[in-house]
Amino acid sequence: MRREIPMAITTLTGLIMIIVFFVPRWEDWSDIFLKWFTVIAGFALVLGAGSLLLVNLNKISRKASGWGYNVVLIIGLLATAGSGIIQGIGPGTMFDFIFVYFFTPLSATMFSLLAFYIASAAFRAFKAKSLEAGLLLVTAFIVMLGRVPIGEMMWNALPFAQSIPLTEIIEKWIMGCFNTAGQRAIMLGASIGIISVSLKILLGIERSYLGGGD
Amino acid sequence: MTVFDKIKNLDRRWIFLFILISVIIPLLIPLNLKLNTSKPVEDIYSYMNSLPEGSVILMSFDYSPSTEIELNPAAIAIVRHAFQKKLKVVALALWPMGASMSQNVLTPLAKEYNKEYGKDYVNLGYKAGGSVLLISMNNGFATEFPTDINGTAVTDLPLMNQVKDYKSCALVVSLSAGVPGMKEYVQIVATRFGSKVAAACTAVSAPEMYTFLNSGQLLGLMGGLKGAAEYEKMIDYNGDARKGMDAQSVVHLVIVLFILFSNVVYFVDEYRKKTAE
Amino acid sequence: MIPTSIYNLSVDFTGNQLFAAAVEAGKKFSTGEIIGVWIATALTIFIFSFLYEDNAMYKFAEHLFVGVSAGYVMATTYNNVIKPNLFGKIQSGIVSLMHGQFVWKDLSFILAGLMGLMLLMKLVPNMGWLSRWPLSFMVGIASGLGIVFTMEALVLKQIDATLVPLIVKTAANSIDIGDTIKNWLIVIGVCSGLIYFYFSKEHKGLVFGTMSRIGIFVLMMAFGAAFGYTVMARVSLLIGRMLFFRDQWWPVVKATFHF
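Protein chains in written order, with my numbering: chain A, 84 to 297; chain B, 1079 to 1355; chain C, -9 to 249.
If you're looking for bench data, these hints aren't it; they were derived computationally from the structure. Note that beta-carbon positions come from the ideal geometry of N, C-alpha and C, so glycine has one too. Hints may contain errors.
Derived contacts from chain C toward chain A, CB cut-off under 7 Å, selection only [claimed, not checked]: (1) A60; (2) M64; (3) A65; (4) M105; (5) G106; (6) V197.
Computed far set for chain B versus chain C, every beta-carbon distance over 10 Å [stated by the list, open to error]: (7) G1132; (8) Y1191; (9) N1216; (10) M1312.
Calculated lysine-lysine pairs in the BS3-like style (CA-CA distance at most 27 Å, straight line) [to be verified]: (11) A:K210 to B:K1351; (12) B:K1163 to B:K1242; (13) C:K95 to A:K146.
Please take these sequences and the hints and turn them into a complete structure.
As structure tokens, this is what we get:
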């Protein structure tokens, strides 16, 4: 019963959502479920943070290699969560200070490292070894240069620039035509995938979300 | 080791240094390159301009500080435009960090434009649930957002007596860095509930959004820092996006030159190998 | 306890762009802002140090980042979700009950709270199976909605947008060559892209072979555009950090050392 009841819950809630989509008059049925979802999704986030806390406490208690960093992690977690829960999250709170001067630089800098790695990767791996790769390279060049002012300036220096504006090449032809067609084909394929997996879940064929064990 | 081998095995830290210098120099010595605008951004601007005074814009802050530089300028430009046009702003966030992002954009701008909280703008804060939340909000914002970001009951905020659901909003703008974000707004708010939806997104997700522009599900699109810079130009404001465009230009040029150079080295090397055989 | 004056930031100073504008307007920094910007500078350098090689400063910043992120999510979820949407509703239901009214919609949130607690049982050894109930509830809702909303917005609408006229006329009733070519390219591009992703039949022959080949070309151009935009995004992130040094750190350096 530890697996059957959850599977029944999945099928039932899923079917209610589908029925209500076609019969909006019955949306009171689903409305309360949607509101519960928001609350449970909130608990799911707390679960994630709680799990992180336990894993790190475990490492500290075992004095695993580099356990000092786990202490830093836990201090960061408790200080941020504690200040936000006790004092609130509005302007002028300790939580806001942590967000502005700790979290923002850490997060923004961590992701800015990607600028260096993408440049290095492009230098090493981006070779026009075939017609397809060449096409990819040329499109990337046009977009990279054409979407920034320096590319527009270079294009405008060409004699035929007035008759073919760069914005039109990029917006109408590359982004609005080839990119749209390619992205739409990917989107249609992925969407059919989402629908079939969802159906498998509702019909009880796909059960991996229940995890292992009884 | 030949010069080609040396280039092929170049320590990547030299490339890092080169990129860093390419960013720093244009920020210290601006080139003031001319910026052109594009139709997807112009469409948002024109629609905002066409709205009557007092119309409500629903802004969803679906990003975190990791993409602050791409989306904060867009958010600031839209809020500035809205406040200049005497439009009302209701903010919410589908990302936890979006709550602070919205607060840090709205509070100083409201002070600058002398706007009153609760009457001219409201910040509803964050809610979990993503797409499920968006569906549920159609039955009334107040049921999902009984309080604003600071815990004040929405019934005590005059603007929220005017804004009940999506139909009360003239435009929905998703400032999106991923999931949940603009794709959910397009799927649910635009397609299912028929509201006008515009998006400001990170450049990474912009290409996918062109399919929605083409299908008419999206009113307009501001892609990345360039999109925000175009909007800043249209409202005649010199923000981070316009300030960053020179550096953006130089680094793009440098990366293109890197790729060209590495290709030349690759083909010369291949030719040498063939002739040696 | 840390004095409020340290962390209470002036509302003019939040965010790089508004910080710079406030400095230009001649605002004075508080002690909290000066300390804060120096902390932000140190953490930024700690992370950038990874570009040279992995080191203790980077590891410190990395762990702090993860901890603060999780703490942030916990506090925001508590304040913006659990407090108003769970405690608030239950409280309102109980108050109504005390006044003799049974508002089941509010009181039903007790069940939502119970399911939330069951989800947390995942952290308790031997009680983990209890978390399957709320998890199934969420998966069921997401799957049900996924089927209908994906079908409507991402399949039917997209097919609809691909069914475009193959001869486009202008207002003067002549053929609009540009839009006509564009529509042909979109129709052929989408169909050939889909054929490329269809693996149940070998990509050979006049129709399947040719179309899947065209599909690769279309997809490569889409990937090229996506690569160009990805470079743009990553470079922007670096520009953001450099703007921080120029617009926040440098004015604070001047304020700290009085020059």
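To see whether the hints hold, each was checked on the structure:
no. : hint               : verdict
1   : A60                : 4 Å, holds
2   : M64                : 4 Å, holds
3   : A65                : 2 Å, holds
4   : M105               : 5 Å, holds
5   : G106               : 3 Å, holds
6   : V197               : 16 Å, violated
7   : G1132              : 25 Å, holds
8   : Y1191              : 13 Å, holds
9   : N1216              : 12 Å, holds
10  : M1312              : 17 Å, holds
11  : A:K210 to B:K1351  : 17 Å, holds
12  : B:K1163 to B:K1242 : 22 Å, holds
13  : C:K95 to A:K146    : 49 Å, violated
Comparing the model with each numbered hint stated earlier shows that hints 6 and 13 do not hold.
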